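> Chains as they are written, first to last, in the working numbering: chain X, 1 to 605; chain U, 1 to 605.
No wet-lab data here; the hints were simulated from the structure.
Incorrect hints may appear among the rest.
[As the list claims (entries may be wrong)] Stretch-level coverage of chain U by chain X, calculated; a stretch enters the list once three of its residues show a Cβ under 8 Å from a Cβ in chain X: (1) 227-239; (2) 427-433.
[Claimed, not checked] DMTMM-like cross-link-like pairs, simulated, lysine to aspartate or glutamate; straight-line CA separation at most 20 Å: (3) X:Lys-558 <-> X:Glu-159; (4) X:Lys-558 <-> U:Asp-602; (5) U:Lys-558 <-> X:Asp-602; (6) U:Lys-60 <-> U:Glu-430.
[As the list claims (entries may be wrong)] Among chain U residues calculated to face chain X with C-beta under 7 Å, some are: (7) Arg-37; (8) Thr-39; (9) Ser-174; (10) Leu-175; (11) Gly-273; (12) Arg-353; (13) Ile-445; (14) Glu-570; (15) Tyr-574; (16) Val-598.
Bear in mind the structure is a predicted one, so any value in this text is a computation, not a measurement.
Note that beta-carbon positions come from the ideal geometry of N, C-alpha and C, so glycine has one too.
Number of protein chains: 2
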Amino acid sequence: MSSANPLVRERDVDFLLHEVHDVMRLCQLPAFAHHDRETFDLFLESAARLARERLFPLFKAMDEAPAVLEGGRVRVHPAMDELWGHLCELGILSAGRPEAVGGAELPSAIATMGYLYLMAGNGAAVGYALLTSGAAHLIESFGDETLRRVFMERMYAGEWTGTMALTEPQAGSSLGDLTTRATPVAGREGVYRIQGSKIFISGGDHDFRENVVHLVLARRLGDSPGTRGISLFVVPRRRPVGGDLEASELEDNDVATSQLVHKIGWRGLPSLGLSFGEVDDCLGWLLGQPGHGLSYMFQMMNEARLLVGANAVATASAAFHESLAYARERLQGRPLGARGGAPTPIVAHADVRRMLLRQKAIVEGGISLLIETAAQADLAAASPVAEERERARLLLDLLTPVTKTFAAERGFESTSLALQIHGGYGYSSEYLPELWLREQRLNSIHEGTTGIQSLDLLGRKVVASGGRPLLLLREEIDADVAACRALAADDELADALVVESDRMIDLTQRLGARGLAGEVTAMLAHSVDYLTLVANLIIGWQWLRIANAARRGLVAGKGGDDEFLRGKIEAARYWIRTELADNARLARLCADAEPSFVEIPDGGF
Amino acid sequence: MSSANPLVRERDVDFLLHEVHDVMRLCQLPAFAHHDRETFDLFLESAARLARERLFPLFKAMDEAPAVLEGGRVRVHPAMDELWGHLCELGILSAGRPEAVGGAELPSAIATMGYLYLMAGNGAAVGYALLTSGAAHLIESFGDETLRRVFMERMYAGEWTGTMALTEPQAGSSLGDLTTRATPVAGREGVYRIQGSKIFISGGDHDFRENVVHLVLARRLGDSPGTRGISLFVVPRRRPVGGDLEASELEDNDVATSQLVHKIGWRGLPSLGLSFGEVDDCLGWLLGQPGHGLSYMFQMMNEARLLVGANAVATASAAFHESLAYARERLQGRPLGARGGAPTPIVAHADVRRMLLRQKAIVEGGISLLIETAAQADLAAASPVAEERERARLLLDLLTPVTKTFAAERGFESTSLALQIHGGYGYSSEYLPELWLREQRLNSIHEGTTGIQSLDLLGRKVVASGGRPLLLLREEIDADVAACRALAADDELADALVVESDRMIDLTQRLGARGLAGEVTAMLAHSVDYLTLVANLIIGWQWLRIANAARRGLVAGKGGDDEFLRGKIEAARYWIRTELADNARLARLCADAEPSFVEIPDGGF
């Protein structure tokens with residue numbers, strides 16, 4: 001392990017935030033007007049320091065001593081108590097929330113970079129924060145004053161933690177099939193008895209704080225089947241005595257841990273089977289309107305999808321920097337064509353350089369996309385202009401499944417390359433890449449699998465909205481193409497973006513027409529290929545922007561930055577020539593609705 | 001875990017051996033004339049039974065209780081003693097060797113399928129057999145009568161096991177840098193004192209048999225640096241007393257275990273750091289001529305590369321069948337466009353079908369390539385016609401790095417898809433896919449990394465031999481294209497093979513010309529892309545052959561086989577449309593010598 005691993009490099013983040021994305025423009029929005037570069041830097045420096053000095057040193061230890069289930073209660077790594085204190089102190093739980101609820105009201109673009117640093121240090125530990133913050137935000141958005149006071153405030157303060165309790169054993173990704181039910185308690189408006197089983201509930205129990213508040217999807221007695229009958233409930237593990245929200249003492253709320261899933265990573269954050277109402281004494285408080293549970297939950301799911309993307313990029317980043325340091329230190333072999341002489345650091349070998357540049361392209365392209373997506377979230381939430389909010393919302397909706405899935409799928413590949421660079425040592429648990437690889441493997445499963453994200457992108461975000469978000473995307477790309485043309489240096493990159501944007505629009509129109517003709521299966525069969533194509537384009541666009549910024553830096557001739565800036569341009573070239581170049585093939589598969597796997601008889605597999 | 005997992009399906013193997021590859025033609029070679037279908041079937045049935053009934057039931061247990069190092073000795077899983085007995089009884093150690101050394105003289109095509117079944121059950125346990133057999137074969141090939149009697153016979157009999165001891169901590173893949181040295185023992189011809197350190201020695205110690213015989217690469221005092229000064233030595237952990245090979249008692253030979261690598265898979269087969277001659281009392285016997293060590297070792301390395309390929313295919317196969325059974329059982333969601341109704345088995349979902357067909361294409365394409373490569377090894381070794389031997393040798397040399405690397409790289413991807421199909425359950429160690437994924441990750445590292453295999457393919461096997469092996473490959477492909485044309489049913493597939501064969505030949509000529517012009521870096525920079533391109537083509541060719549055989553079966557109208565045969569044709573279409581279609585992009589990267597990762601400054605990563 002390289003003790004000098006930066007996990008995420010400040011210099012890259014700063015360059016992306018300021019030179020590429022001009023994040024300070026967000027401070028022109030009234031909500032963020034109280035911020036300046038200094039408050040942003042201070043927060044990010046604190047996050048980076050916490051990641052390097054506290055979280056990362058416990059990363060491996062928390063994997064080696066996973067949470068255990070004892071006597072029905074979960075015991076997590078003893079260090080979580082202290083780490084949680086540090087995370088709360090940093091203010092990550094309410095970093096993006098307004099001052100009215102105790103938050104710093106940082107733009108999501110900044111808060112997400114804070115998460116990026118933290119998650120690169122220790123994804124499992126930070127997972128509790130993501131969940132607590134997202135669950136509290138649901139109560140903030142949809143709860144009444146009492147629920148906010150009793151639950152939300154304690155959650156943002158870090159006294160209690162939160163979860164999202166969606167998945168059921170029999171339903172999996174098919175939420176409409178959930179069977180957890182809510183029976184009204186006579187005479188107590190908004191209070192229900194909850195009964196049912198949930199699985200894969202991350203952070204569903206622990207012993208470092210006194211209470212866990214579950215945000216539970218359930219169906220009220222008599223409500224319709226399918227997704228429309230689903231409501232959202234606040235279900236604490238410990239409730240105020242008698243279910244009286246004014247009571248100050250707590251008592252058990254009949255929420256039992258039925259199972260501890262033995263995950264292959266994220267071992268500091270237990271994933272549980274939970275059983276609600278085994279003795280029919282589990283109280284839940286309805287959040288917002290009945291029947292809106294799933295649409296409310298999407299607020300938390302979308303936030304979580306962005307942060308799963310951040311986790312995936314963070315994990316790939318830590319692994320990338322580990323392998324880069326290793327490649328610079330490890331002496332082995334000679335450069336091609338050389339005879340004799342001393343062994344060279346393996347960074348000199350072409351294929352090692354390929355694996356490094358590929359990782360760099362994925363990691364920094366991923367960071368850039370995180371900033372892009374988060375900044376759209378900021379505009380969607382905080383722009384005073386309705387039209388701009390709507391535009392940003394459409395882009396945010398489009399970018400969310402792409403950000404999550406690109407980071408998860410390519411991040412896994414990237415992390416595997418970091419392991420490969422370590423050779424035989426990479427296959428040993430004495431080195432870290434294998435642990436990052438195990439961590440990374442979850443990201444294409446939780447918060448909606450790659451298959452689910454792809455259906456969401458093509459079916460809901462693109463076709464169901466008439467393709468409008470893609471036209472907005474096209475406008476954004478065109479602006480950066482024009483900026484590239486103005487620099488008159490990287491026409492090859494601009495040309496590729498134009499060709500591939502056209503291809504994407506053309507393909508989408510063909511798929512949309514297929515959908516209108518009722519050929520839904522043919523339209524959606526290659527949705528994963530479609531998402532890959534869109535992601536290749538969007539990352540190509542991000543790299544074009546980055547190359548533009550680097551080119552501006554080179555033109556300005558800032559001393560000493562030369563290698564840093566040229567590295568960005570080579571990474572842009574690599575991505576566009578190597579991955580964006582795959583879009584012709586992907587578009588053909590989608591356009592042809594290549595039918596082999598649809599047509600193969602079930603008995604033919 | 002599905003208890004009914006076949007691991008590898010007999011029906012597929014039989015179809016590939018007999019309908020696709022007409023393996024019985026090998027019995028026309030004198031060496032195999034004593035065999036018939038019955039002896040082949042008997043061997044394969046026994047291997048499959050052993051895999052399912054003995055090896056697989058201990059697969060997870062051996063992962064959970066890995067080998068440990070205690071008091072300088074390695075203790076492996078207690079079940080290895082019995083498993084080893086079963087493996088020896090099957091005759092796998094000398095399955096391919098002649099009767100003169102106690103073997104069954106099975107064709108490699110059959111023996112490799114035996115390994116395929118066995119490794120699908122438990123790769124680590126079978127690893128000892130692969131190593132023992134390969135090491136004994138080295139002594140058979142290059143040792144004198146005494147070395148054969150003392151070492152080889154006991155190894156083929158399974159009394160002693162063997163290893164290959166190449167890698168050193170400071171040298172890694174760069175074998176020319178090895179520093180283990182051999183000092184002649186005065187007055188004892190061929191006997192040397194060995195001193196040095198090796199690492200990643202699989203099966204380097206254990207406690208289920210009394211001795212381990214290391215085949216050690218070392219440099220004799222005064223021999224030249226680099227690979228030409230390397231010789232091969234037989235170095236047992238326990239030696240006949242006094243180093244007198246006629247002595248019947250054994251004593252320690254100063255071989256110490258310095259380290260146990262904590263591997264993330266293959267945990268039943270310890271990977272060790274070994275220290276030879278710590279007290280300068282380690283005797284080694286020179287094998288064959290001095291200075292030929294590396295070229296001798298290539299015999300074992302090439303055998304091992306084929307079997308690493310077999311392991312990778314076997315692992316992917318077991319995972320594929322697990323996920324197929326899961327997809328047929330697991331109820332979740334509805335087919336696209338359906339409203340309401342009962343949940344469907346997830347095998348009905350298009351994207352699950354894509355993941356299944358992709359696995360099938362990799363697994364069965366991989367099995368077919370294993371047979372192809374092994375059959376060329378049979379012809380190279382046993383054809384009575386010198387010209388045919390030479391032709392087969394060239395094809396074998398070409399196919400070996402492709403077989404190993406295709407299986408390792410695509411096998412990893414395939415195994416990861418098996419995990420993905422299991423959703424959240426796949427991320428738990430209560431299910432097997434994560435274990436197969438960990439096992440699989442080694443295969444692109446050991447026996448030459450993907451980078452090394454790619455340099456070997458393009459630099460040595462293709463360019464250095466003037467491209468002749470590719471012309472032979474082209475002839476083979478053309479024959480199957482002609483057979484396809486004669487069936488007049490799958491012209492699309494034949495057309496694609498012709499176009500892509502042309503592309504491969506054309507690209508190779510351009511790369512060769514670059515090499516002749518001294519532009520070695522530009523020629524080799526994309527060698528991994530080149531290998532991927534060649535592998536896509538070769539697997540496309542295998543699928544064309546398989547489709548031809550399936551088409552013949554459909555024409556013959558064998559009742560009940562319809563779905564089985566149509567499945568083959570759809571898998572062929574899938575591979576050729578999806579992966580072979582990527583070769584245009586790969587060829588462009590190679591032909592352009594796309595320079596981003598070569599040109600990026602070291603400080604730019």
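> Please name the hints from earlier in the document that this structure breaks, with their numbers sorted from lowest to highest.
Result: hints 1, 3, 7, 8, 10, 11 break, sorted rising.
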